[in-house]
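Protein chains in written order, with numbering that gives the first Met the number 0: chain A, 0 to 282; chain B, 0 to 282; chain C, 0 to 282.
I should point out that these hints are in silico values taken from the structure, not numbers from a laboratory. Fair warning: there could be bad hints in the mix.
Heads up, the list lumps identical chains together, so a pair's fine if it works in one copy or across two of them.
Unchecked claim - Mimicking DSS-like on lysine-lysine, the simulated pairs with C-alpha atoms at most 25 Å apart in a straight line are:
id	residue 1	residue 2
1	Lys101	Lys211
2	Lys211	Lys273
3	Lys211	Lys102
4	Lys83	Lys66
5	Lys83	Lys233
6	Lys102	Lys83
7	Lys27	Lys279
8	Lys275	Lys27
9	Lys273	Lys233
10	Lys47	Lys211
11	Lys233	Lys102
12	Lys279	Lys211
13	Lys33	Lys101
14	Lys27	Lys233
15	Lys211	Lys33
16	Lys101	Lys233
17	Lys273	Lys47
18	Lys27	Lys273
19	Lys47	Lys27
20	Lys101	Lys275
21	Lys47	Lys275
22	Lys279	Lys66
23	Lys273	Lys33
24	Lys117	Lys83
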Amino acid sequence: MLRNIANSYRISQRLASNAAASGSNNAKDYLLVKESDGVREITLNHPKTLNSLSLEMMSALHEAMLKNVNNINLRCVVLAANGKVWSAGHNLKELQANPEIKKDVFQKLTDIILDIRKLPVPVIAKVNGFAAAAGCQLAASCDIVVCTMSSKFSTPGAGVGIFCSTPGVAISRVMPRPKSAYMLMTGLPISGVDAYVAGLATKVVPEDELDKEIDEITQSIRIKSRAVISFGKKFYYEQLNMPVEEAYLQAGAKMCDNLEMTDCREGITSFIEKRKPTWKHED
Amino acid sequence: MLRNIANSYRISQRLASNAAASGSNNAKDYLLVKESDGVREITLNHPKTLNSLSLEMMSALHEAMLKNVNNINLRCVVLAANGKVWSAGHNLKELQANPEIKKDVFQKLTDIILDIRKLPVPVIAKVNGFAAAAGCQLAASCDIVVCTMSSKFSTPGAGVGIFCSTPGVAISRVMPRPKSAYMLMTGLPISGVDAYVAGLATKVVPEDELDKEIDEITQSIRIKSRAVISFGKKFYYEQLNMPVEEAYLQAGAKMCDNLEMTDCREGITSFIEKRKPTWKHED
Amino acid sequence: MLRNIANSYRISQRLASNAAASGSNNAKDYLLVKESDGVREITLNHPKTLNSLSLEMMSALHEAMLKNVNNINLRCVVLAANGKVWSAGHNLKELQANPEIKKDVFQKLTDIILDIRKLPVPVIAKVNGFAAAAGCQLAASCDIVVCTMSSKFSTPGAGVGIFCSTPGVAISRVMPRPKSAYMLMTGLPISGVDAYVAGLATKVVPEDELDKEIDEITQSIRIKSRAVISFGKKFYYEQLNMPVEEAYLQAGAKMCDNLEMTDCREGITSFIEKRKPTWKHED
């Protein structure tokens with residue numbers, strides 16, 4: 000595996016050099032993006048580099064995530080990947096060749112991850128493959144994470160001398176300590192089922208049910224008011240670090256504010272009138 | 000399902016109006032309460048409103064929980080429900096009809112939940128059915144949660160325009176983030192087994208073993224000193240939000256204080272003397 | 000069970016008295032310690048006292064853990080136990096006979112547990128038996144916890160009048176609240192599989208696969224740079240209590256520092272050069 004990753008890093012580096020030489024930084028070299036019925040599916044599409052999170056890949060991803068994010072027609076984002084490796088993490092060769100960019104590399108993924116939380120729509124990781132190191136961090140940082148039985152997750156950085164400290168921030172917040180410490184200290188992968196039991200994955204499904212599962216999730220989000228989801232998501236993340244008493248104090252006030260929203264009035268009225276709501280999707 | 004809930008809300012609203020008109024606020028309209036051998040079982044008993052947490056239901060529940068709570072004969076509280084819906088959460092029609100009470104509605108459940116933590120005896124949720132929205136919040140806020148295989152849990156508020164922000168405080172503190180975010184953003188239910196894996200439920204059992212499981216739990220609590228359980232429960236909740244070093248510092252002091260308690264001296268002495276302890280149950 | 004524990008406490012107390020009388024405090028009375036290929040295996044070896052954590056046992060354990068800890072040949076510690084009881088927790092009779100030592104008893108285990116976090120190498124609990132009270136606390140406090148299917152974990156102190164407040168600090172940080180509260184308030188044991196699902200155990204394996212599982216873990220650690228593991232472990236515990244934004248800010252800086260380490264340069268270079276790394280293991 001490591002050998003394969005090494006090979007791919009070499010290829011990646013060559014491609015990255017070429018890209019730098021030609022001045023290209025084109026999303027379509029790295030991603031496939033399609034949007035329909037309010038669902039934006041962003042697919043990491045650089046299997047030859049094992050979808051490694053080079054600066055260019057991350058820039059393309061960040062841009063694709065944030066594009067027209069205030070358009071009310073956008074209701075959720077699905078983050079998928081082509082190839083057997085969902086993402087192998089940062090591009091080590093890029094880091095070695097250009098050590099001066101290291102700070103930018105880690106900051107870029109932090110920006111993406113904190114923006115996933117800030118995005119006004121839910122972000123769903125659709126994992127069917129191997130998510131390693133920063134790739135595992137990225138998957139674990141989506142709001143919802145669905146993976147297949149054959150998926151694997153690992154944080155193997157220590158094996159090449161760089162402990163997965165940034166991925167550790169992500170996985171230690173969704174998994175019990177004895178499980179995230181195991182991943183970080185041994186570098187050994189866990190299965191999709193283990194990830195579901197541990198909490199990293201919301202759901203684990205057979206490969207042939209993955210699309211259906213994602214459809215059910217996106218459909219359930221699409222039929223709701225974007226304004227309400229956005230309002231709720233923002234407070235959800237705010238309250239996570241509060242003591243429970245403070246969280247309830249603020250949550251009670253949020254519920255009252257929520258009741259004043261146009262789409263909430265419509266939602267409750269339509270519910271009582273036994274009809275489908277007509278959302279405005281605006282604050 | 001939503002249609003059924005809508006129907007029941009209408010019924011609930013009518014009953015609530017009637018109750019308000021007659022000035023009645025009688026626990027027996029909403030609850031069954033029985034107490035024997037130190038176990039107080041409070042059963043939500045308003046299946047026609049899907050045990051919705053109207054202000055009157057919550058007042059009755061709060062009162063039933065707190066009644067004679069300092070009597071040393073009370074050793075634990077079991078919170079159960081009649082009907083297929085354990086509780087459907089707050090009464091939306093009540094909220095719409097009387098918007099001025101909204102603050103009171105959310106505050107009331109917060110009071111109940113924070114009082115569950117403060118109660119000097121353990122509170123056990125016995126769930127055999129559907130716990131939704133504030134009903135899910137209430138179940139998740141008990142000290143111990145036992146559910147059946149066929150039980151379901153959901154936070155579907157966003158579907159009618161009101162994001163389950165207060166239930167989110169409860170479920171995000173007992174489940175990994177990717178699982179609670181899924182429940183809140185999609186509104187989709189999870190099964191009893193999923194709830195057990197996620198951490199919301201302490202145990203999941205077949206329906207015909209639920210009573211036996213609850214009996215084992217209440218029996219194990221009844222044979223202990225109420226004073227010791229109360230002392231331990233209080234500190235347990237205090238230390239949850241502390242950094243581990245501070246928690247151990249205070250826990251060590253608590254262990255020393257515990258050793259000075261009359262029932263602790265009796266417990267250790269009886270243990271060494273190979274006889275059953277005779278508890279005083281008082282501080 | 001309690002009867003058996005009572006018996007063993009009596010035996011333990013007699014042995015402890017003898018030890019005190021003779022002035023002996025010899026690790027080999029309590030532990031077996033062997034070290035090979037960088038793995039130090041410390042085995043609690045006082046089955047007659049159910050490996051109870053008397054002051055002498057804890058002193059021996061603490062000493063064995065810390066011995067030559069800065070020697071770069073030490074790569075990880077495995078904490079095992081002989082007998083059907085991994086450890087029954089503190090020695091109640093010791094506490095009763097010498098109440099003046101109570102503060103020292105709880106402080107000693109806190110010191111051990113906080114030192115497990117500070118140890119520059121991973122500590123792996125290898126559990127094949129019953130880990131109760133402070134024994135459960137000790138197991139849950141190792142970086143990685145592997146148990147067998149037939150293992151059990153409990154915090155039964157309240158049954159003899161002393162609530163497991165210090166064990167509660169440990170288990171409430173690796174398990175969801177409704178599960179740790181259940182253990183503390185009922186004293187009932189959970190199985191190895193329950194412990195795996197709850198998060199207390201990293202892995203649960205059949206008894207005849209325990210050695211192989213531990214070997215795989217220690218082998219994966221041994222082939223890495225001790226300096227890198229130590230660096231990563233230190234920050235891992237530091238970031239656990241930080242808000243996510245602060246954790247990422249500091250983690251990004253740590254990644255940059257990590258890249259400057261000698262063993263990291265070697266790791267990445269060897270990776271790119273398709274050869275095995277030659278670690279220095281020093282900061």
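Results of checking the hints against the structure:
1. Lys101 / Lys211: neither (39 Å within a copy, 38 Å between copies)
2. Lys211 / Lys273: neither (28 Å within a copy, 41 Å between copies)
3. Lys211 / Lys102: neither (39 Å within a copy, 40 Å between copies)
4. Lys83 / Lys66: Neither, since 27 Å and 45 Å both go past 25 Å.
5. Lys83 / Lys233: So lysine 83 and lysine 233 fail the 25 Å test inside a copy (33 Å) and across (33 Å) alike.
6. Lys102 / Lys83: Close neither inside one copy (29 Å) nor across copies (51 Å); limit 25 Å.
7. Lys27 / Lys279: neither (33 Å within a copy, 43 Å between copies)
8. Lys275 / Lys27: neither (39 Å within a copy, 36 Å between copies)
9. Lys273 / Lys233: For lysine 273 and lysine 233, the Cα distance exceeds 25 Å both inside one copy (29 Å) and across copies (46 Å).
10. Lys47 / Lys211: Neither. Shortest intra-copy (28 Å) and inter-copy (35 Å) distances fail the 25 Å Cα cut-off.
11. Lys233 / Lys102: between (28 Å within a copy, 21 Å between copies)
12. Lys279 / Lys211: Result: close neither inside a copy nor across copies, 28 Å intra and 50 Å inter.
13. Lys33 / Lys101: Close neither inside one copy (31 Å) nor across copies (42 Å); limit 25 Å.
14. Lys27 / Lys233: neither (31 Å within a copy, 40 Å between copies)
15. Lys211 / Lys33: Answer is within; shortest intra-copy Cα gap is 18 Å, inter-copy 47 Å.
16. Lys101 / Lys233: Classified as between: cross-chain Cα gap 21 Å, same-chain 30 Å, threshold 25 Å.
17. Lys273 / Lys47: For lysine 273 and lysine 47, only the inter-copy Cα distance (18 Å) is at most 25 Å; the intra-copy one is 53 Å.
18. Lys27 / Lys273: neither (46 Å within a copy, 31 Å between copies)
19. Lys47 / Lys27: Close inside one copy (15 Å), not across copies (56 Å); limit 25 Å.
20. Lys101 / Lys275: Between copies, since 24 Å is at most 25 Å while 51 Å is not.
21. Lys47 / Lys275: Answer is between: at 23 Å across copies they meet the 25 Å cutoff, but 47 Å inside does not.
22. Lys279 / Lys66: Result: close within a single copy only, 21 Å intra versus 47 Å inter.
23. Lys273 / Lys33: Neither. Shortest intra-copy (35 Å) and inter-copy (38 Å) distances fail the 25 Å Cα cut-off.
24. Lys117 / Lys83: Neither: 29 Å inside a copy, 38 Å across copies.
Checked against the numbered hints above, the structure breaks hints 1, 2, 3, 4, 5, 6, 7, 8, 9, 10, 12, 13, 14, 18, 23 and 24 and satisfies the rest.
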